[in-house]
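**Q** From first to last, the protein sequence lines are chains A, B, C and D. Residue numbers for the first sequence follow full-length UniProt numbering, so the first one is 1 and each next one is one higher. Residue numbers for the second sequence follow full-length UniProt numbering, so the first one is 1 and each next one is one higher. Residue numbers for the third sequence follow full-length UniProt numbering, so the first one is 1 and each next one is one higher. Residue numbers for the fourth sequence follow full-length UniProt numbering, so the first one is 1 and each next one is one higher.
Honestly, I wouldn't trust all of these hints.
[Unchecked claim] Below, a sample of chain C positions facing chain A; criterion: calculated Cβ distance under 8 Å:
{"id": "1", "residue": "E43"}
{"id": "2", "residue": "T77"}
{"id": "3", "residue": "P80"}
{"id": "4", "residue": "H87"}
{"id": "5", "residue": "A88"}
{"id": "6", "residue": "G121"}
{"id": "7", "residue": "G130"}
{"id": "8", "residue": "R159"}
{"id": "9", "residue": "C160"}
{"id": "10", "residue": "M162"}
{"id": "11", "residue": "P163"}
{"id": "12", "residue": "T165"}
[Unchecked claim] For lysine-lysine, the following DSS-like pairs were computed, each having C-alpha atoms within a straight-line distance of at most 30 Å:
{"id": "13", "chain 1": "A", "residue 1": "K5", "chain 2": "D", "residue 2": "K73"}
{"id": "14", "chain 1": "D", "residue 1": "K73", "chain 2": "B", "residue 2": "K98"}
{"id": "15", "chain 1": "B", "residue 1": "K138", "chain 2": "D", "residue 2": "K79"}
{"id": "16", "chain 1": "C", "residue 1": "K139", "chain 2": "C", "residue 2": "K74"}
{"id": "17", "chain 1": "B", "residue 1": "K76", "chain 2": "B", "residue 2": "K50"}
{"id": "18", "chain 1": "B", "residue 1": "K94", "chain 2": "D", "residue 2": "K79"}
{"id": "19", "chain 1": "C", "residue 1": "K150", "chain 2": "C", "residue 2": "K4"}
[Claimed, not checked] Covered stretches of chain D, going by a simulated chain B footprint (3 or more residues, C-beta under 8 Å):
{"id": "20", "region": "60 to 68"}
{"id": "21", "region": "91 to 104"}
{"id": "22", "region": "129 to 135"}
Source of the hints: derived by calculation from the structure; they are not laboratory data. Bear in mind that the values here come from a model prediction, so they are computed numbers and not experimental data. Glycine residues also receive a C-beta, built at the ideal position from the N, C-alpha and C atoms.
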Amino acid sequence: MDKTKFNLAEAVVDIPDGATVMIGGFGGAGAPIELIHSLLERFRATGHPKHLTLVNNNAGNGHVGLGALIECGTVKRLICSFPRSVDSRAFSQKYRAKEIELELVPQGTFAERIRAGGAGIPAFYTPTALGTDLARNKPVAEFDGRMYLQERWLKADFALIKAEVGDEHGNLTYRMAGRNFNPLMAMAAQCTVAQVRRIVPAGRIDPETVVTPGIFVTRVVEVSDPQQEEQLNRAGAIF
Amino acid sequence: MDKTKFNLAEAVVDIPDGATVMIGGFGGAGAPIELIHSLLERFRATGHPKHLTLVNNNAGNGHVGLGALIECGTVKRLICSFPRSVDSRAFSQKYRAKEIELELVPQGTFAERIRAGGAGIPAFYTPTALGTDLARNKPVAEFDGRMYLQERWLKADFALIKAEVGDEHGNLTYRMAGRNFNPLMAMAAQCTVAQVRRIVPAGRIDPETVVTPGIFVTRVVEVSDPQQEEQLNRAGAIF
Amino acid sequence: MINKLSNAQIAWRAAQDIEDGVYVNLGIGFPELVARFQPAGREAVFHTENGVLGFGAAPPSGAEHWDLINAGKKAITLKPGAAFFHHADSFAMVRGGHLDVAILGAYQVAENGDLANWSTGPNDVPAVGGAMDLVHGAKRVAVVTEHVTKHGQPKLVRRCSMPLTGVACVNRIYTSLAVIDIESSRFVLREKLPAVSLDELQSVTAAELKIDGTVVDLTVPGDVS
Amino acid sequence: MINKLSNAQIAWRAAQDIEDGVYVNLGIGFPELVARFQPAGREAVFHTENGVLGFGAAPPSGAEHWDLINAGKKAITLKPGAAFFHHADSFAMVRGGHLDVAILGAYQVAENGDLANWSTGPNDVPAVGGAMDLVHGAKRVAVVTEHVTKHGQPKLVRRCSMPLTGVACVNRIYTSLAVIDIESSRFVLREKLPAVSLDELQSVTAAELKIDGTVVDLTVPGDVS
């Protein structure tokens, strides 16, 4: 078993038009910039994939990574909790022009829906958002005298995630708060593509410290010196 | 903050009559034998706590640990997935004599109900057990053309768990497959008591390798050379 | 002209109620200030919903790790005893009732405990983040806020007119003029600036301030900033 | 007297259908034998629901770590690339459809795919473990079993009379006499021992065996044990 025989282009070559794609990261932390840019290059070269539904906590910052992907017009719909950042113009302009749909989800519900997708739980109840505008049209139920909202699982065709170390089996570790949604999205996609700073042979990651077991991972690509959204934006980068 | 100032007796002294107590472990792996024996010693000395509801995957093996606790008569009700072992006579005799109630739960549902309790999810849906005797009286619902059972969260007053290393903040790591239900039960109890092989100062456990963050843990007790159910039974031990 | 409290002074007052050893989540922006004023001898553990427990102050400029940030996407540092975890575990801490205190900002707080702090209305690009989870998770939900808006409108109201973050969720409000509890769907005045009369305070509050026992003088050290 | 397959031979046959690189859960007892017969050049990763992926054979007696066990509480070893995780993550793998194959034992399998393998009836102390989760999680659910009970009763039936583990969940059955698929709620015979006639096989099977294409000779190397 060796899941590491991919380069950045091969890793995203089969994402089809209309796919639902989860992208890890919270702001720039844990965001797989190189995988996003690889997808964007493919779109520029071929016009595909288009009409994507993206699942990410945010909506990009500046003109790199997620922001650049939204800017290029390949995203039809965004499911996220916080589409606002220092410079989220790429999204706001398309949103105001009604060129992109938005499904806004409270962050904890967003995380739990993704975990539910990965864990085979089609629906669950949460107190979050009860009585607010984000509860509209959602079933409610009472448990132990308190009301709760029903929320549905969230799954994807592909997940693009960023990790720290990966092995041939797809086992992954993360780096600090770059962990965030990455382990959850790995569980919830049919095909999970991880960019890692370092690929090691099977057996090098202590089984006790594996965060994402390889069963959740399809492809591992090494990007030994990954870019960080925050630093790119401070340098005024445009992809 | 220092959660490590307890001995085995102090750690379980306030478990009241009628409490729901989760006990970690899968068979003997990860079972907090010394905490269980401390509870049993208190019961023998004082007659309390009695009428306990226990939550454990199994029902004990032989006459030590969980088996001994069930044998002594302090357990009114057991919630578990597999109350059978090489020697689970302590439980079977009381069960056949109707001296103990049993709620049998499929293992994955059992784990998920405990996690739900810890995560503030009052109910969720699962395909597991649909159409079987264990689905009786449970609500069903259809999602995307498939039927699912509704299951409720499981919470406890106390959790007694076993970990490997613990620090002053209550951060924990585990040992191999001794992890099992321990991290989940830590989340689902009002008061979580962990016995650990080694207590270290805050900062000694790498934040990347913490499995149970200290927020889920109330008390940490050092048991530097813990006993293992399997070895006790092979030696014919009776507690 | 009333000498109302600065944001730092409001944060200082809120910090005095944080006990030793508790787990605290501070909302983005203004509430983050509260961390600066932990009383001596007490240690709270700070949670940020993007997966860190036990973080500390910002690092010096240039020493940032951009994978080590808080919910406001600002660089942070770690204290001994810190832990990393993923977002589902992080919100298990929130929604599961494991946090002791959440301190949030507000557009409006109603006397029934309703909070509006995520959307100013339909013209906004909506963004909610973790606010709706936090208000239903923490054992105690407090708000730090100016007593009135920039335009002088009351922020403490009978019923919120702005989109709700949560229903009946706020326990205590620290404002630039007073400390107010919400009990049985009523504002109960606990502390007020000595220079502000009860009538003056009521005139900038859009719901009745109930008095229940002594109203303590709200005093903050002058050097807090 | 038919020379039926031994359990080891049934396990060998089941092992031939496990592709390289797949994730497999083997039920407690008889199904565990399947791991012994991985075809050369193929590597499957074995999952045990108590929180290990990538485990290997039993350690020598005396070298056991009793915190390193499988679902049957037997000591195991680790292969390179193994990982530990808690029970909720383990059953996320199961229920979330991440396992490729589950191979289980059976008391009865019905032609509609129903499986009974957890309870012999009300006189038992009931014990279910992870069986009900496994039958709804893995992409392919196979059963290894004797074709008939010790008392000669058919185990392949029209409808199960024993308490169900799962409804319409079994894809393929490897028995001591045959290999049978379940398709459109019918038993479809794929392979049988050459020494057993179709009539003989049907006579020990309590539901109709459909023929759909060639029935292949079921042959197993004689040295498998």
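**Q** Run every hint past the structure and note whether it holds.
**A** Comparing the hints with the structure gives:
{"no.": "1", "hint": "E43", "result": "21 Å, violated"}
{"no.": "2", "hint": "T77", "result": "11 Å, violated"}
{"no.": "3", "hint": "P80", "result": "15 Å, violated"}
{"no.": "4", "hint": "H87", "result": "4 Å, holds"}
{"no.": "5", "hint": "A88", "result": "4 Å, holds"}
{"no.": "6", "hint": "G121", "result": "10 Å, violated"}
{"no.": "7", "hint": "G130", "result": "4 Å, holds"}
{"no.": "8", "hint": "R159", "result": "12 Å, violated"}
{"no.": "9", "hint": "C160", "result": "11 Å, violated"}
{"no.": "10", "hint": "M162", "result": "10 Å, violated"}
{"no.": "11", "hint": "P163", "result": "5 Å, holds"}
{"no.": "12", "hint": "T165", "result": "7 Å, holds"}
{"no.": "13", "hint": "K5(A) to K73(D)", "result": "37 Å, violated"}
{"no.": "14", "hint": "K73(D) to K98(B)", "result": "28 Å, holds"}
{"no.": "15", "hint": "K138(B) to K79(D)", "result": "41 Å, violated"}
{"no.": "16", "hint": "K139(C) to K74(C)", "result": "26 Å, holds"}
{"no.": "17", "hint": "K76(B) to K50(B)", "result": "8 Å, holds"}
{"no.": "18", "hint": "K94(B) to K79(D)", "result": "41 Å, violated"}
{"no.": "19", "hint": "K150(C) to K4(C)", "result": "13 Å, holds"}
{"no.": "20", "hint": "60 to 68", "result": "holds (count 5)"}
{"no.": "21", "hint": "91 to 104", "result": "holds (count 3)"}
{"no.": "22", "hint": "129 to 135", "result": "holds (count 5)"}
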